[in-house]
Amino acid sequence: MPRSRRADAVIFGFDFQVNAAIVLMIENIRDLEALRLEGNYEDIELKLNGGGYILAQAKAIEKSSSDFSHVRENLKKTLTTLSEASHNTLVEKLILITNSPNPLNDKDSRSVFYGDAHRSFDSLPDSSKSIISGYLAKLSQPLNTDKFMIQVLPFETDDEDERYKVVKNKIDDFIGSMNLNIPGLGKKLMTTWHEDIFKNGSKKDASIVLGKKDVIWPIIVIATDIERCDEDLQEEFDSSTYDEIVHRYRDIIDSCCERCDFFIKVLYDYNDYQSPGKKPREKCLDFAMNKWSDYLSDFETTDIDDETKQGLIQVILYSIVRNRLSIDKIKREVNL
Numbered sequence: 005m006p007r008s009r010r011a012d013a014v015i016f017g018f019d020f021q022v023n024a025a026i027v028l029m030i031e032n033i034r035d036l037e038a039l040r041l042e043g044n045y046e047d048i049e050l051k052l053n054g055g056g057y058i059l060a061q062a063k064a065i066e067k068s069s070s071d072f073s074h075v076r077e078n079l080k081k082t083l084t085t086l087s088e089a090s091h092n093t094l095v096e097k098l099i100l101i102t103n104s105p106n107p108l109n110d111k112d113s114r115s116v117f118y119g120d121a122h123r124s125f126d127s128l129p130d131s132s133k134s135i136i137s138g139y140l141a142k143l144s145q146p147l148n149t150d151k152f153m154i155q156v157l158p159f160e161t162d163d164e165d166e167r168y169k170v171v172k173n174k175i176d177d178f179i180g181s182m183n184l185n186i187p188g189l190g191k192k193l194m195t196t197w198h199e200d201i202f203k204n205g206s207k208k209d210a211s212i213v214l215g216k217k218d219v220i221w222p223i224i225v226i227a228t229d230i231e232r233c234d235e236d237l238q239e240e241f242d243s244s245t246y247d248e249i250v251h252r253y254r255d256i257i258d259s260c261c262e263r264c265d266f267f268i269k270v271l272y273d274y275n276d277y278q279s280p281g282k283k284p285r286e287k288c289l290d291f292a293m294n295k296w297s298d299y300l301s302d303f304e305t306t307d308i309d310d311e312t313k314q315g316l317i318q319v320i321l322y323s324i325v326r327n328r329l330s331i332d333k334i335k336r337e338v339n340l
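The working numbering puts the sequence shown at residues 5 to 340.
Honestly, the hints are just simulated from the structure, not real lab data. Fair warning: there could be bad hints in the mix.
[To be verified] Label-pair distances were calculated between CB atoms; the ranges are: (1) His91 / Tyr118: 25 to 35 Å; (2) His91 / Asp265: 38 to 48 Å; (3) Asp273 / Lys217: 15 to 25 Å.
[Unchecked claim] Below are the DSS-like pairs computed for lysine-lysine, each with C-alpha atoms no more than 25 Å apart in a straight line: (4) Lys97 / Lys217; (5) Lys335 / Lys287; (6) Lys335 / Lys172.
We put the beta carbon where it would ideally sit given N, CA and C, even for glycine.
Use the sequences and the hints to build the structure in full.
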């Protein structure tokens, strides 16, 4: 049985909400403490380090380039809910984020919402201000227009390359700001963020929150992908042994590398490790080859022979310490 049009609209709307959350998260990443979808107050809530919030209503139109029949209705609903929320918590910014290039159905303002637009209330034409002020005048406790803005995220069509184009560009620019030269990182990161945010947000549970570490950690995991290790490590193993470790025990490697506490422990131990006369690159290999036994307790549940377990731990340790500079670069850029 084909899905109903309403079901398709709901899926489209939630898809837009997820991607809008990713964009807002990237734009505010340095000040971000946590991200929540379907929160206590709004569709998207960004809690900032100082304790304040950015609250956003996400309004998607399936045929956004041609259908403007409901944009004023969306605006009215947004202003009502944002006004109510703004008096219940410490708010730094209130946002209507939409895919409509004409979110007020106002010919005088249509040109200002072209593309990836970010428009504060003060930057709008007088006609647009009048429309917004008219709705606010009917509310007992209207929001502060100094904190209100309308943001446009182009997002339409069933062509995924076109629909997600702006989101992909935002992710690529974000990666570029960290100077990470990792092939395919943008695509991998987008897939991971979609799955994580969908999984949490689709539960519609206000208690589900993604902290900054939750959304940044996938980048660190990808940056330390064991298959990107260099020849220095591979030369320490028989080629068949190395291939078996990397491919047969991939799940163990991934589960270990996804544990933040394990990363922190390894990097802390590496910084204290003394390797006189060794160059930094040599120290990485020296550490992995000689300190592996210190981490045996982290692999007690793995049912593999001792020799393979030794190699597995060495491969994981090397991957972490060899990529420590990339890890530090990521953490500095996002203020983690």
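What's the verdict on Lys335 and Lys287, does the C-alpha distance respect the 25 Å limit or exceed it? holds (23 Å)
Would you say the C-beta atoms of His91 and Asp265 sit inside 38 to 48 Å of each other? holds (40 Å)
Could you grab the alpha-carbon distance between Lys335 and Lys172 and see if it respects the 25 Å cut-off? Holds, at about 21 Å.
Confirm or reject the claim that His91 and Tyr118 have a C-beta distance inside 25 to 35 Å. 33 Å Cβ-Cβ, so the 25 to 35 Å window holds.
Given the hint that Lys97 pairs with Lys217, test it: the Cα-Cα distance must not exceed 25 Å. holds (23 Å)
Using the beta carbons of Asp273 and Lys217, state whether their distance is inside 15 to 25 Å or not. For Asp273 and Lys217 the Cβ distance comes to about 20 Å; the hint holds.
Violation of the numbered hints given earlier is absent; every hint is satisfied by the structure.
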